Structures are given as structure tokens and as C-alpha cells.
Amino acid sequence: DQQVKQNSPSLSVQEGRISILNCDYTNSMFDYFLWYKKYPAEGPTFLISISSIKDKNEDGRFTVFLNKSAKHLSLHIVPSQPGDSAVYFCAASVVGGTSYGKLTFGQGTILTVHP
Amino acid sequence: KAGVTQTPRYLIKTRGQQVTLSCSPISGHRSVSWYQQTPGQGLQFLFEYFSETQRNKGNFPGRFSGRQFSNSRSEMNVSTLELGDSALYLCASSPRGQGTYNEQFFGPGTRLTVL
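Listed in order, the protein sequences are those of chains A and B. Be aware that the first sequence starts at 1, since it is given in this note's numbering, and climbs by one per residue. Be aware that the second sequence starts at 116, since it is given in this note's numbering, and climbs by one per residue.
Honestly, the hints are just simulated from the structure, not real lab data. This structure is a prediction, so every number in the text was calculated from the model and none was measured. The beta-carbon is built from N, C-alpha and C at its ideal position, and this holds for glycine as well. Honestly, I wouldn't trust all of these hints.
[To be verified] The following label-pair restraints were derived from C-beta to C-beta distances: (1) B:N174 - A:H76: 41 to 51 Å; (2) B:R182 - A:R61: 38 to 48 Å; (3) B:N186 - A:Q14: 16 to 26 Å; (4) B:T195 - A:S69: 39 to 49 Å.
Produce the entire structure from the sequences given, and follow the hints as far as they go.
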């Protein structure tokens with residue numbers, strides 16, 4: 001039962017254009033969402049997060065949008081740069097209750113930004 | 116501030132052996148979570164420790180165990196290794212306890228190969 005899904009295994013964009021990475025979730029208890037970037041042979045690097053009380057959060061070139069009714073979030077990268085080429089993971093968590101320290105990850109999307 | 120460190124970075128073991136992996140969290144972080152990453156299953160939560168107590172455990176067999184020390188450093192142990200235990204094992208630390216929005220910061224991982 002995959003509670004967090006990234007349906008696009010890969011995405012290719014031109015440098016300077018917008019990259020949009022999508023993520024869907026099924027567990028309505030999730031109330032905190034995060035995006036991570038991962039290079040080969042390294043651990044995931046935290047990019048940006050959003051709580052369920054918001055629908056948008058921006059940090060520089062990165063913006064995350066949350067649509068709770070659709071159980072969907074997206075990460076926008078504008079403008080895209082070749083250094084953004086990596087695997088992007090969407091993750092979700094339940095802040096309260098007993099789900100301590102657990103992030104549920106999607107399968108990842110490989111982003112390639114062409115010069 | 117130094118990031119999360121994991122030792123060793125690479126490990127080769129044979130079936131039936133046991134292995135211990137080590138994680139040092141970011142200074143001041145008290146929560147440590149462990150994850151297993153494989154090509155087939157993606158990133159899967161193993162367990163989380165806070166103040167030397169395991170507060171949450173994922174769906175893994177009892178061969179997978181861990182502990183946390185008073186300085187927040189953590190170890191995980193896998194006994195009676197199987198070929199399917201070959202994976203990247205990631206440790207992540209978080210600054211705050213449950214009930215708040217927590218980003219997790221990951222180490223570089225330990226690549227375990229079981230022959």
C-alpha cells in the first residue's frame with residue numbers, strides 16, 4: 001500500500017524553464033509534507049516543507065503547493081538550473097499521535113535539466 | 116555545524132553474519148530515525164529513537180534493531196544477514212520532539228552489500 005506516490009519516474013526540462021514535480025498521497029492523516037533532493041551516493045538533502053494549514057510555501061527558486069482536497073502537492077523550480085539535476089523525493093508525516101520520526105516517501109522523480 | 120555522519124560508508128558482509136552501523140546526529144538533535152533504501156522498495160522507515168528510547172518502529176523483522184546513547188549517537192544492528200538486506204542505510208536527525216513540524220536531516224548513508 002503506497003501512501004505517497006510520485007507517478008512520473010523522470011522529467012526533462014531546459015535550463016531556465018520551470019520544473020514541476022508532482023506527488024499524490026492517500027492517507028488523510030498526513031499533515032506535514034517535505035521535498036528532498038538526492039544525488040547518487042549521498043543522503044537526501046532537505047529542500048522545502050509545507051504544513052497542512054497552508055497551501056503554498058516559497059523559498060527562493062523553490063515553491064511547494066498543497067491541494068488538500070485533491071491530496072496532491074507539487075514542487076515548482078523556477079528557473080531550473082543544470083545543478084538541479086537529481087532525484088527528488090516527496091515525503092509526508094503525521095505530526096501528532098505516535099508516528100514519531102517517520103517520514104513516508106514517494107518513489108522519487110529523476111529530474112534532468114539540460115543546458 | 117557539522118552534519119549527520121555515518122560510519123562506515125561502505126560494508127561488505129556474507130550471509131548469516133551480523134553488522135552494526137553507526138550514526139552521529141547534528142549537535143543538539145535528539146531524534147534519530149533510520150531508513151533503508153532499495154531499488155525495489157524505495158525509502159522505508161526502520162525505527163526512531165529519542166532520548167535513548169525507541170518510540171516508533173517500521174515493518175521490519177526483529178533481526179533489525181537499534182539503540183541510542185546518552186549523547187544521541189545511534190547504532191543499528193542487523194543480525195543473520197540475508198541477501199535482501201543489501202541496501203543503502205540512511206540515518207536522519209531532527210531537532211525537536213514529536214508534536215512539532217520536524218524536518219529531518221540525513222547523513223550520507225552506509226552502503227551494505229551482502230554476498
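Hints, verified against the model:
Range check, B:N174 to A:H76: about 33 Å between beta-carbon atoms, so the 41 to 51 Å window is missed. As the Cβ distance of B:R182 to A:R61 is approximately 40 Å, the hint placing it in 38 to 48 Å holds. A C-beta distance of roughly 48 Å is found between B:N186 and A:Q14, which places it outside the suggested range of 16 to 26 Å. Between B:T195 and A:S69 the CB atoms are about 47 Å apart, so this pair conforms to the stated range of 39 to 49 Å.
Going down the numbered hints, you'll see the structure goes against 1, 3, while the others check out.
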